[in-house]
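K.L.:
Residue numbers (the working numbering), protein chains in the order written: chain A, 149 to 509; chain Y, 149 to 509.
By construction, these hints were calculated from the structure, which means they are not laboratory data.
Misleading hints may appear alongside valid ones.
One copy or any two copies: either way a pair holds, since identical chains are not told apart in the list.
[To be verified] With a straight-line Cα cutoff of 20 Å, these simulated PhoX-like cross-link-like pairs (lysine-lysine) come out:
hint: 1; residue 1: K467; residue 2: K160
hint: 2; residue 1: K212; residue 2: K202
hint: 3; residue 1: K301; residue 2: K353
hint: 4; residue 1: K349; residue 2: K201
hint: 5; residue 1: K500; residue 2: K191
hint: 6; residue 1: K495; residue 2: K244
hint: 7; residue 1: K381; residue 2: K236
hint: 8; residue 1: K301; residue 2: K289
hint: 9; residue 1: K202; residue 2: K167
hint: 10; residue 1: K172; residue 2: K160
hint: 11; residue 1: K435; residue 2: K252
hint: 12; residue 1: K435; residue 2: K244
hint: 13; residue 1: K304; residue 2: K289
2 protein chains.
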Amino acid sequence: MKNKVLEGIKEKANNVYRKILKKKAPELDLPLRSLSNVKYDEKEGYFEILGKKKERTLTVGTIKTFAQTLRMMGLSKQLIEQDDIATKREAYYVSKNWKEAMFKAQPESDTVMDDVEAMMMVNREQLGFIPEEKGGEIAGKLIVVDRDPETKKELKIDCTKFGSGAYSIPISVEHLKFETNAKFILAIETAGMFQRLVKHKYWKKANCILISMGGVPTRACRRFIRRLADDQKLPVYVFVDDDPYGIGSIYRTLKVGSGNAAHINKYFCVPQARFLGVTPQDVIDYKLPTHPLKEVDFKKIKDLLKNDPFIQHHKPWQKALKQMQQMKVRAEQQALCRWGLNYVITKYLPDKLKHPEKFLP
Amino acid sequence: MKNKVLEGIKEKANNVYRKILKKKAPELDLPLRSLSNVKYDEKEGYFEILGKKKERTLTVGTIKTFAQTLRMMGLSKQLIEQDDIATKREAYYVSKNWKEAMFKAQPESDTVMDDVEAMMMVNREQLGFIPEEKGGEIAGKLIVVDRDPETKKELKIDCTKFGSGAYSIPISVEHLKFETNAKFILAIETAGMFQRLVKHKYWKKANCILISMGGVPTRACRRFIRRLADDQKLPVYVFVDDDPYGIGSIYRTLKVGSGNAAHINKYFCVPQARFLGVTPQDVIDYKLPTHPLKEVDFKKIKDLLKNDPFIQHHKPWQKALKQMQQMKVRAEQQALCRWGLNYVITKYLPDKLKHPEKFLP
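So here's chain A without its partners, still in its complex pose (with noise of 0.2 Å):
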């Protein structure tokens, strides 16, 4: 994979060599990056890059950001080399030192960066590159097989053993590989309910891998759940709050990713990723005390249903947001401790993983 990478950036850049050697004016591929050049296909699971592309040749105008391109597939070069990596900001501040090719500003650098990532049609991380953020804790039936940095030697790394504390993901997950026997996935979206169901060990009795994505999840997060998911064929369910930012801002990315990143969607969505709940119907159905919608609740169902072409594209979904409406209330997966407060290991969660095929999609 590695290679693959570093051959596309010499080859791209021999391109720019030759070109000029023929006193031609060079120029560079890139797709172009926006909602006009995606679509959504159930079968492919994410929003996909169509195939315009915007090219960008070398003229008095636009040399200094073919240059800070060209320098910036450079520094990718290198970090592939020597496997190192570098966040944006340690990118932007690296090319202090790039001359006139300097950014004045991080905006820039993310900019061509997001451009090499869509030439090179790989993410971000392949290309040594790291989010300055990282996010999501694993606990239950896993080992995750990675390496030592320095000797390279195999490590592997088991979930199981972590007491009342958990595993955390590492900004980049490219490397890793995975060993399990777990049934499911269970992605969870707040810390405390995760440390609750690591506390009552619920991944042994449900045998599954628990892991908190802590509101919307990180790119690691979704790529660790991606490729763990594809590796070892496991369907991944999703237990978020019953509001539309649990729905539509939560789920929704974690399953097809987002608007504004369609070029790496693909790599960082969960197409296989179900909703277990909260539910409207479950706010119903097991009478959770609730919070009444706000306007800006209402706005983002709305903006939902309207917009959205995932939404548009399943039926259950403008369903459970319309009954949403409706109901005119929200609810929070902390609210089943209206009945106790392992409630949900010992009557929700069982309850429903015997109908995963009822889950929304």
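Go by the hints and put chain Y onto chain A.
P.N.:
Same frame as chain A, but now just chain Y:
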């Protein structure tokens, strides 16, 4: 410890019960929680609560809060006895079954929980109440001794064995034990810098424990560092951005706690913490790229100089903040990349660690 808290709850409850039997109005004593009831003493090392108390006597006007306080004490007793946990949010939902003593909104139940915490003079975690959020990751020369939540068997978690990943600090850390021969703890602001040091196994070179705080450290993270540093008699060096937020929010909160949580600073402060950098002087010495301070930054500096008892106590901090004010710029940890991605490992940290006595207090 657990038994002491249990006995304390029972004793307070018994006092109420006995008063009622004698047909007298029962009362509960609570320390006053406000800045007017704290002092800063360098020897103690944190904002310490003074003796002022408020009394909550049972009257027609206080009957609901009084009942809620007793109920909350009861919930805590149950949690401790059953070795269970509850987040603030969960405790609020549990109250939905308390009939007339039900809380209408979570701020009400949070206040009562804070009251019980202050009344028992312990931290919330010792009452079985855990924070919603977690945070804090560990890599390096440390073995955390936890226990299996089910079998209670000892579990040794070796933080040198996670490859590119890390150990994620659990929400409650009271029961953890530690084994280490590291020389110091390095607490780091950003996940990106942490990942760089992990990637290059800096903890091995420097014989230390790396902790990623991810911005302002959570309660669990602060308590973990405190317990680890006390238990193993380790110095704590803090490595954050050179800006009023890194100094006045992240570092200050880690070291001495905060004003509005005075009754628990005793448990959550890390008095042994010292400020490694980035300092305003580093910006000059290492010729770091900077960003101009904004209006809000200048305001925060003024506020720290004028109102913060910790800054007022330490001349070197006043000097450093005034220097920042005059330089009119801030600098990030990542700015060190200007001299190469791993300059921080080969030059900056080794340089600095030669003279810990020069670290800001």
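K.L.:
All the hints need checking, so say for each whether the structure fits it.
P.N.:
Against the structure, the hints:
1. K467 - K160: neither (48 Å within a copy, 52 Å between copies)
2. K212 - K202: within (17 Å within a copy, 67 Å between copies)
3. K301 - K353: Classified as between: cross-chain Cα gap 18 Å, same-chain 33 Å, threshold 20 Å.
4. K349 - K201: neither (50 Å within a copy, 42 Å between copies)
5. K500 - K191: For K500 and K191, the Cα distance exceeds 20 Å both inside one copy (26 Å) and across copies (55 Å).
6. K495 - K244: between (58 Å within a copy, 18 Å between copies)
7. K381 - K236: Result: close neither inside a copy nor across copies, 32 Å intra and 37 Å inter.
8. K301 - K289: Intra 23 Å, inter 18 Å, cutoff 20 Å: inter-copy only.
9. K202 - K167: within (18 Å within a copy, 82 Å between copies)
10. K172 - K160: Within one copy only: 15 Å inside a chain, 87 Å across chains, cut-off 20 Å.
11. K435 - K252: Between copies only: 17 Å across, 56 Å inside.
12. K435 - K244: between (59 Å within a copy, 12 Å between copies)
13. K304 - K289: both (13 Å within a copy, 18 Å between copies)
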